[in-house]
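K.L.:
Sequence:
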Amino acid sequence: MGKRGPRKEPTIIKIAKGNPGKRPLNKNEPKPPSDDITPPEWVTGVAREKWENVVPKLIGMGVMTNADVDTIARYCTMHEQYVKYLEQCRRGLDVLVIRDDAGKVKYMQSTPAATMMTKLAASMLRIEQEFGLTPSARSGLSVGTQAPKDDLEAFFAAEGA
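0 is the number of the first residue of the sequence shown in numbering that gives the first Met the number 0; add one for each residue after it.
By construction, these hints were calculated from the structure, which means they are not laboratory data. Among the hints, erroneous ones may be present.
Between beta-carbon pairs, the in silico distance windows are [said to hold, decoys possible]: (1) R6 - V96: 36 to 44 Å; (2) A101 - R137: 51 to 59 Å; (3) L124 - K30: 22 to 30 Å; (4) G44 - N18: 38 to 46 Å; (5) G102 - Q128: 40 to 48 Å; (6) E127 - G102: 42 to 50 Å; (7) R137 - R3: 21 to 29 Å; (8) A66 - A121: 17 to 25 Å.
In silico BS3-like pairs for lysine-lysine, Cα to Cα no more than 30 Å straight-line [unchecked claim]: (9) K118 - K7; (10) K16 - K26; (11) K56 - K30; (12) K83 - K118; (13) K56 - K16; (14) K2 - K26; (15) K21 - K7; (16) K30 - K7.
Using N, Cα and C, we set each Cβ at its ideal position, and we do this for glycine too.
Between the sequences and the hints, there should be enough to build the whole structure, so can you do that?
P.N.:
Here is the structure:
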C-alpha cells in the first residue's frame, strides 16, 4: 500500500512558501551538492538541446543538484520522444480510421504515436511540477529580491538554529 496523504515537499520549498502548515522543518534533510551538473553521455540530439535549455533555468532557481541529473536526463529524453511523436501526428498519423467492407467509417482510434505522445506529456508534466517549471508549481513560492546564500543553511542560520 502506498503512503497516505499529500506528497512530502522539500524543506526549501516549504521555506519559500512560508511554512504554511507551521510544522517543524526538517533540519537534517539531505542537501546534495551542485558541483557536477553535467549531462550523461547518452543525452544527445534533441534531448541535449533540451538539457542546454532547461538546466540553466533550474540552476538559476536553485533546485538543480547532482542528485537530479538522471531525472532531468530522463525528462530530456522524454522530450525528444515527444517531439518525434508530435511530428508523426502532424503528418496525419494521429488517428486510425477503421472502415467496414462498404467503406463506411466504422470507428476511429488513436494511433500508437498519439497515445505515446499523451503518455509522455503526462510524465513530463509531473517532472515539470516537481521542479517548479509550471506556473502553478511556482505560484506558491515567494522569491526574495536577493538569491539565498546557501538554501537551508542560510535559512537555519537566520532562524538561529
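K.L.:
Work down the list of hints and note, for each, if the structure agrees.
P.N.:
Evaluation of the provided hints:
1. R6 - V96: 36 to 44 Å: Holds, at about 41 Å.
2. A101 - R137: 51 to 59 Å: Given a distance of about 55 Å, which is inside 51 to 59 Å, the answer is holds.
3. L124 - K30: 22 to 30 Å: Check passed, 26 Å falls within 22 to 30 Å.
4. G44 - N18: 38 to 46 Å: Given about 42 Å between the Cβ atoms, the range holds.
5. G102 - Q128: 40 to 48 Å: Between G102 and Q128, where Cβ atoms are some 46 Å apart, the hint holds.
6. E127 - G102: 42 to 50 Å: 44 Å, holds
7. R137 - R3: 21 to 29 Å: 27 Å Cβ-Cβ, so the 21 to 29 Å window holds.
8. A66 - A121: 17 to 25 Å: 24 Å, holds
9. K118 - K7: Judged against 30 Å, a Cα distance of about 24 Å means the pair holds.
10. K16 - K26: 17 Å, holds
11. K56 - K30: 19 Å, holds
12. K83 - K118: 13 Å, holds
13. K56 - K16: Holds, at about 20 Å.
14. K2 - K26: 22 Å, holds
15. K21 - K7: Given pair K21, K7 holds - Cα atoms ~14 Å apart, limit 30 Å.
16. K30 - K7: Given pair K30, K7 holds - Cα atoms ~16 Å apart, limit 30 Å.
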